[in-house]
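Could you build the full structure based on these sequences and the hints that come with them?
Top line first, the protein sequences correspond to chains A and B.
Position 111, counted from 1, in the first sequence is what my numbering calls 111; the numbers after and before it change by one each time, with no gaps.
Position 46, counted from 1, in the second sequence is what my numbering calls 374; the numbers after and before it change by one each time, with no gaps.
The reader is advised that the hints may include incorrect statements.
Claimed, not checked - Within a straight-line C-alpha distance of at most 30 Å, the following computed DSSO-like cross-link-like pairs (lysine-lysine) qualify:
#1 B/K626 / A/K16
#2 A/K298 / A/K260
#3 A/K88 / A/K16
#4 A/K121 / A/K138
#5 A/K196 / A/K231
#6 A/K121 / A/K196
#7 A/K138 / B/K608
#8 A/K121 / A/K88
#9 A/K88 / A/K196
#10 A/K250 / A/K260
#11 A/K138 / A/K196
#12 B/K626 / A/K88
#13 A/K88 / B/K628
#14 B/K416 / A/K196
#15 A/K260 / A/K231
Unchecked claim - Which residues of chain A face chain B? A partial, calculated answer using Cβ under 7 Å:
#16 L63
#17 T67
#18 Y91
#19 P93
#20 F95
#21 D101
#22 A105
#23 F110
#24 G113
#25 I114
Unchecked claim - Restraint ranges, calculated between C-beta atoms of paired labels, are given here:
#26 A/Q70 / B/A504: 39 to 45 Å
#27 B/F398 / A/E74: 54 to 60 Å
#28 A/T21 / B/I520: 51 to 57 Å
#29 A/N49 / B/L332: 53 to 59 Å
Everything labelled a hint here was simulated from the structure, so no lab data went into it.
Note that the coordinates shown come from a computational prediction; the quantities given were computed from them, not determined experimentally.
The beta-carbon is built from N, C-alpha and C at its ideal position, and this holds for glycine as well.
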Amino acid sequence: MSSTTTTIEDANPLIKIENVTKRYHNVNALRDFSLEIPRGSIYGLIGPNGAGKTTLLRILAALLAPTSGQVWLEQQEVTRSPSIIQRKVGYMPDFFGVYPDLTSAEYLEFYAGIHGIPRQKQATVVSDLLELVDLSAKRDAMVETLSRGMKQRLCLARALVHDPEVLLLDEPASGLDPRARVELRELVRTLQSMGKTIIISSHILLELAEMCTDIAILQGGQLIIAGDVEKVTHQLGGGRQLDIRVLEQKYVSQAVDILKEHADISNVISDNDTTTIQADFAGNDEALHHVLADLVTKEVGIVSFAPRSGGGRLEEVFMHITERNSQS
Amino acid sequence: MTFLALLTKEMRLRMRRERTIWVIVAYILLMGLFGWLVINSSNRSTSTGINNWSSLGYLLYTLLLVIQIFLILFITPAFTSTTINGEKERQTFDLLLCSQLSTFSLIAGKLLAGLMNSLLLIAASIPLFSLVFFFGGVSPLQAIQALTVSVSTALVAATLGIFCSAIFQRPAVSTAITYMLVLLWLILPLIIATMAPPQPPPQANATANVTMQEPAPQLFLLWNPIVALMTTFSAPYSYFGFPRGNYHIGALNFAPWQGYIVLNTVATGIFFLCSLWFVKPHPILWQRFHTLKNSMTKQKTEARATA
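This is the structure:
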């Protein structure tokens, strides 16, 4: 299979994956996989089922050894010093893994204990974590009585119990209702603001496009493309979508003419009955600035000018790419 | 620290299950019922030959010991034979491996927690055994020896359960295999003993001290819980029909129950070490093992191709 592999390199990556191959009997879960993950990023691993996302996360958590290749976390090789790595990494698998007969607080206390947190500090750690994941009210509730979203948040709290530098979240939003997804997304952003590097996997692109700073698309154990969301979208031809609203209807045709003069703009759609214009934009931020400046200089009455990453378009691009790679 | 955290969690989980309480209640009731039946039948019947308190004490003591060892052997694996694969089935095993919990602490914690249930049963039966002292015939030292044999037996059954739970993926399979092995351990030597040719009778000039003259049980009976229990006290006769004398191997002179304790300690150690290995194989040794296995497979394939 031939694939387009692009890696946008970071000067000082926190995690470096070099030519990793993982073979299960006769199946290659990962093939010559290389990736660099910058510190402080929310890195999304996207791919269809069987792409190798979970295998990669398990290797990063030092739960699996690669068949060949190396994985570095800062200066440490993961397979050589798993216990050191596990101190720095918090892993949340794609299943709950809970003890139903324990209360939420006891559950976290247990994991705090087996992560070597002193007994006198455990109560504080547990309270802080329950507050962080908004489960303080469920402190004494049995785990089995919690809803799916609550269990997911409890598991996230468990992964954070030893205050790891890196968080590995495997399909964290699967099976959650929309509200729980939004809450989880907010929580992930909060964790990023606390300085944590978060690697999150999903087979739903939209889920990740909304919260990630960087993404890597995987298929059949291979890396298709990786980098920050904007650049990946741009490189894939996904671009951004411009939503423009003008003051009066008379400005619509003028704005459309100006937009069509720009090479980065395509698919300009306007409706004569409304004051809104939509267009696809494939350029960078500087080109975007020129478009806006042009509209303002030529005195088009702009009310709003909103470029946004086209999640829907990204989804199309993802489908197109994965389809292309599976056929070749 | 990590070990204590695991032990606390295990004890919390176990003690919250209704099953734990019911097992203790059923255990005590069963033991009490057998004791009552023995006393009752001996009071009614004078034709059995058990017409003095001392003999009744021996009979009661022997039966309670045998029942206790049976119950321990069949209750202990229930608490340990699903400990490791149960974690895998519950999908919590990876989370344990991701922590600072060492493999030793994991196995030791699980073992101790599983054993606690059996120890609780043994402790709960102590008041029942103390009734035997009213009848006389059994000394406290002999009772302590029997207690040691019981605890040691529980330890072997518990480590065997953990070992099976570490090597078999499915809890139902590991439980069935553990029980099968326990049954073989308990019954097989006794069956062989009944089929084996009888041992020569004690020497004719040795009537003064029966205990000293009695031959030792056949060597294959050395690692049997029932035989070990029966040799912890010197009843005037054996209820199970096998000799109960000491073994004389070279300069060593030891009672069968002492040899049994030594063998149990060795078996416990082996099961424990094997469990450690299967739960988390040593990465370097595991790699060597795989390299060796791969090269052997390659050689076989090449040999087949050449042929």
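Quick rundown of the hints versus the structure:
1. A distance of roughly 33 Å separates the Cα atoms of B/K626 and A/K16; the hinted pair therefore is violated under the 30 Å criterion.
2. For the hint linking A/K298 to A/K260, the alpha-carbon distance of about 14 Å falls within 30 Å, and the restraint holds.
3. Straight-line distance between C-alpha atoms of A/K88 and A/K16 comes to about 15 Å, which keeps the hinted pair within the 30 Å bound.
4. The straight-line distance between the Cα atoms of A/K121 and A/K138 is roughly 20 Å, inside the 30 Å bound, and the hint therefore holds.
5. For the suggested pair A/K196 and A/K231, the alpha carbons sit about 22 Å apart, so the restraint of at most 30 Å is met.
6. At most 30 Å may separate the alpha-carbon atoms for a hinted pair to count; A/K121 and A/K196 meet this at roughly 21 Å.
7. Straight-line distance between C-alpha atoms of A/K138 and B/K608 comes to about 35 Å, which puts the hinted pair past the 30 Å bound.
8. For the proposed pair A/K121 and A/K88, the alpha carbon gap of about 19 Å is at most 30 Å, so the pair holds.
9. Taking the CA atoms of A/K88 and A/K196, the gap is about 10 Å. The hint holds against a cut of 30 Å.
10. A hinted pair counts as satisfied when its Cα atoms are at most 30 Å apart, and A/K250 with A/K260 qualifies at roughly 17 Å.
11. Taking the CA atoms of A/K138 and A/K196, the gap is about 26 Å. The hint holds against a cut of 30 Å.
12. Of the supplied pair hints, the one linking B/K626 and A/K88 is violated, its CA atoms being roughly 39 Å apart against a limit of 30 Å.
13. Restraint check: the Cα-Cα separation between A/K88 and B/K628 comes to about 43 Å, which exceeds 30 Å; the hinted pair is violated.
14. A C-alpha spacing of about 29 Å is found between B/K416 and A/K196, which places the hinted pair at or below 30 Å, so the restraint holds.
15. As the CA atoms of A/K260 and A/K231 are separated by approximately 23 Å, the hinted pair is consistent with the 30 Å bound.
16. The interface hint given for A/L63 is met, as the beta carbon of that residue sits about 6 Å from the closest beta carbon of chain B, less than 7 Å.
17. Contact between A/T67 and chain B, as hinted, is not supported at the beta carbon level, the nearest pair being about 10 Å apart and thus beyond 7 Å.
18. Here the hint on A/Y91 is kept, as its CB sits about 5 Å from the closest CB of chain B, short of 7 Å.
19. Residue-level restraint check for A/P93 holds (minimum Cβ-Cβ distance to chain B is 6 Å; threshold 7 Å).
20. For A/F95, the shortest C-beta to C-beta distance to chain B is roughly 5 Å, which falls under 7 Å, so the interface hint holds.
21. Against a cut-off of 7 Å between C-beta atoms, the interface hint on A/D101 holds, since the closest Cβ of chain B lies about 5 Å away.
22. Hint status for A/A105 relative to chain B: violated, with the closest Cβ pair at about 12 Å, above 7 Å.
23. With 7 Å as the threshold, the beta carbon of A/F110 comes within range of chain B, its nearest partner Cβ sitting at about 4 Å, so the hint holds.
24. Taking 7 Å as the C-beta cut-off, the interface hint given for A/G113 holds, the closest approach to chain B being about 2 Å.
25. For A/I114, the shortest C-beta to C-beta distance to chain B is roughly 4 Å, which falls under 7 Å, so the interface hint holds.
26. Roughly 43 Å separates the CB atoms of A/Q70 and B/A504, a value that falls within the hinted 39 to 45 Å.
27. At about 57 Å, the beta-carbon gap between B/F398 and A/E74 stays in the expected band of 54 to 60 Å.
28. Checked against the given bound of 51 to 57 Å, the beta carbons of A/T21 and B/I520, roughly 54 Å apart, stay inside it.
29. Remark: the range hint 53 to 59 Å for A/N49 to B/L332 is contradicted by a beta-carbon distance near 40 Å.
Checked against the numbered hints above, the structure violates hints 1, 7, 12, 13, 17, 22, 29; every other hint is satisfied.
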